Amino acid sequence: MALKARLRQHYKYFLNNFQTRWSDNDQYGHVNNAIYYHYYDTIINQYLTTKCSLIPTKSASIGLCVHSSSDYFRPVEFPHKLDLALAVTKLGKSSVTYEIGVFESGKEEVCAVGKFVHVFVDSEGRRPVGIQGEIRSGLEELVVEGEEDKAKL
522 MALKARLRQH YKYFLNNFQT RWSDNDQYGH VNNAIYYHYY DTIINQYLTT
572 KCSLIPTKSA SIGLCVHSSS DYFRPVEFPH KLDLALAVTK LGKSSVTYEI
622 GVFESGKEEV CAVGKFVHVF VDSEGRRPVG IQGEIRSGLE ELVVEGEEDK
672 AKL
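Going from the sequence shown to our numbering is simple: count from 1 and add 521.
Just so you know, nobody snuck in bad clues.
Simulated pairs of lysine-lysine, DSS-like, Cα-Cα distance not exceeding 25 angstroms:
#, residue 1, residue 2
1, 533, 572
2, 533, 602
3, 533, 614
4, 602, 628
5, 628, 533
6, 533, 611
7, 614, 572
8, 572, 602
9, 611, 572
10, 614, 579
Calculated directly from the structure, the hints in this document are not laboratory data.
Remember, it's a predicted structure, so these values are computed and weren't measured experimentally.
Work out the full structure: start from the sequences and follow the hints.
Encoded structure:
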């Protein structure tokens with residue numbers, strides 16, 4: 522199911538004034554679609570490391586991406602600054618579904634909406650484990666009503 526365009530108030534966490542790079546643009550003069558996945562990965566892992574105390578090389582569990590998708594609503598380009606926005610639309614026992622909004626700084630209309638699913642696994646054996654402790658409490662702070670919830674109504 523395609524994600525719909527969102528406004529800023531849907532999201533709970535922001536990484537503001539994220540600078541696009543010259544190399545983000547493609548030959549069509551806008552940020553290449555593959556670069557958006559770098560943006561998604563950046564805000565998710567920035568949140569996990571700064572707000573949930575995740576240390577990728579030392580934590581007992583880590584999140585592995587098992588699904589990602591992106592819907593594009595309007596192009597962005599270098600040298601614009603972006604505001605990256607993050608919400609959690611589903612928090613399960615061992616998995617989390619993130620929604621990421623990409624906005625031009627200071628604008629209300631979303632440029633792209635990404636979906637990213639992590640399954641948390643034991644960092645050594647790579648078997649699914651429950652999301653616990655600071656990671657769970659940090660993710661709980663981002664939970665919003667998701668598309669999956671609205672489909673059930």
